[in-house]
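Starting from the given sequences, assemble the full structure and let the hints guide the process.
So you can see what is in the structure, the chains are spelled out below.
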Amino acid sequence: DSGVTQTPKHLITATGQRVTLRCSPRSGDLSVYWYQQSLDQGLQFLIQYYNGEERAKGNILERFSAQQFPDLHSELNLSSLELGDSALYFCASSVGPGGGVNTEAFFGQGTRLTVV
Amino acid sequence: GENVEQHPSTLSVQEGDSAVIKCTYSDSASNYFPWYKQELGKGPQLIIDIRSNVGEKKDQRIAVTLNKTAKHFSLHITETQPEDSAVYFCAAPYKLSFGAGTTVTVRA
Chain A
1 DSGVTQTPKH LITATGQRVT LRCSPRSGDL SVYWYQQSLD QGLQFLIQYY NGEERAKGNI
61 LERFSAQQFP DLHSELNLSS LELGDSALYF CASSVGPGGG VNTEAFFGQG TRLTVV
Chain B
1 GENVEQHPST LSVQEGDSAV IKCTYSDSAS NYFPWYKQEL GKGPQLIIDI RSNVGEKKDQ
61 RIAVTLNKTA KHFSLHITET QPEDSAVYFC AAPYKLSFGA GTTVTVRA
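As you go down the protein sequences, you meet chains A and B in turn. According to my numbering, the stretch in the first sequence is residues 1 to 116, in order. According to my numbering, the stretch in the second sequence is residues 1 to 108, in order.
Just so you know, these hints were derived from the structure itself, not from any lab. Keep in mind that a hint or two might mislead.
[To be verified] Covered stretches of chain A, as calculated for chain B (at least 3 residues, CB under 8 Å):
1) 33-45
2) 87-98
3) 106-112
[Stated by the list, open to error] Here are the simulated distance ranges between beta carbons:
4) B:8 to A:60: 26 to 32 Å
5) A:5 to B:55: 36 to 42 Å
6) A:62 to B:45: 29 to 35 Å
7) B:29 to A:39: 32 to 38 Å
8) B:57 to A:17: 44 to 50 Å
9) B:108 to A:41: 24 to 30 Å
10) A:53 to B:20: 35 to 41 Å
11) A:84 to B:55: 39 to 45 Å
12) A:17 to B:53: 46 to 52 Å
[Claimed, not checked] With a straight-line Cα cutoff of 20 Å, these simulated EDC-like cross-link-like pairs (lysine to aspartate or glutamate) come out:
13) B:57 to A:104
14) B:42 to A:40
15) B:58 to A:104
16) A:57 to B:27
17) B:37 to A:40
18) A:9 to B:39
19) B:37 to A:104
20) B:37 to A:1
Please read these numbers as outputs of a predicted model, since none were measured by experiment. Even glycine gets a Cβ: it sits at the ideal position worked out from N, Cα and C.
Here you go:
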């Protein structure tokens, strides 16, 4: 058990809908990272938050947004869903802010999103 | 930003043989290089990491080597076992960028 909790584990929804994925980091970790992993694909970095502030941004679509709350949990919002958004979404957490500082990250088990 | 290139994309080895995966990075300021293992249906798990003030680190059957001049680091798995079959990712610290992954299959 990594200590990172993601909910829900599975989500099936229709095209055009909006969903929210939730991540609770390990106790004491201030950074949360979000990744998308499509079938047979690598881990595509979406966005990172550190202590409530956006720290780094990857190839995140405008239809997607995220935030980190004062209690450090994070939510990834996906809207106007398309079939191609079906993927595993992982969050990871680390103590530090990354970008050259030690970034030992721990991953959750992921949320499998299926858009039908 | 940081670009990380990982090779090979797939690797099939006979049980007991060694496996080597190599990653190259672009940002010379990078100073922390982790390797993750992802088993089917699970999230990636950190298996070993190296910091830029050392050239090699070992942990039982796995080792990581770092060449800062050439900007590459490698994962070495010796005496491979069936449970080593998984996807392995290298990462660079900026944005925690991951390589494309290497699918390792250990043949019995």
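Each hint tested on the structure:
1. 33-45: holds (count 5)
2. 87-98: holds (count 4)
3. 106-112: This one holds; 5 residues, not fewer than the three required, reach chain B with a Cβ under 8 Å.
4. B:8 to A:60: 26 to 32 Å: holds, 29 Å
5. A:5 to B:55: 36 to 42 Å: holds, 37 Å
6. A:62 to B:45: 29 to 35 Å: This hint holds: roughly 32 Å between Cβ atoms.
7. B:29 to A:39: 32 to 38 Å: holds, 34 Å
8. B:57 to A:17: 44 to 50 Å: holds, 46 Å
9. B:108 to A:41: 24 to 30 Å: holds, 28 Å
10. A:53 to B:20: 35 to 41 Å: holds, 39 Å
11. A:84 to B:55: 39 to 45 Å: holds, 43 Å
12. A:17 to B:53: 46 to 52 Å: Holds, at about 49 Å.
13. B:57 to A:104: holds, 16 Å
14. B:42 to A:40: holds, 14 Å
15. B:58 to A:104: holds, 17 Å
16. A:57 to B:27: Holds - the C-alpha atoms of residue 27 of chain B and residue 57 of chain A are around 17 Å apart, at most 20 Å.
17. B:37 to A:40: Measuring from Cα to Cα gives roughly 15 Å; hence the hint holds.
18. A:9 to B:39: Holds, because 16 Å separates the two Cα atoms, which is no more than 20 Å.
19. B:37 to A:104: holds, 14 Å
20. B:37 to A:1: holds, 14 Å
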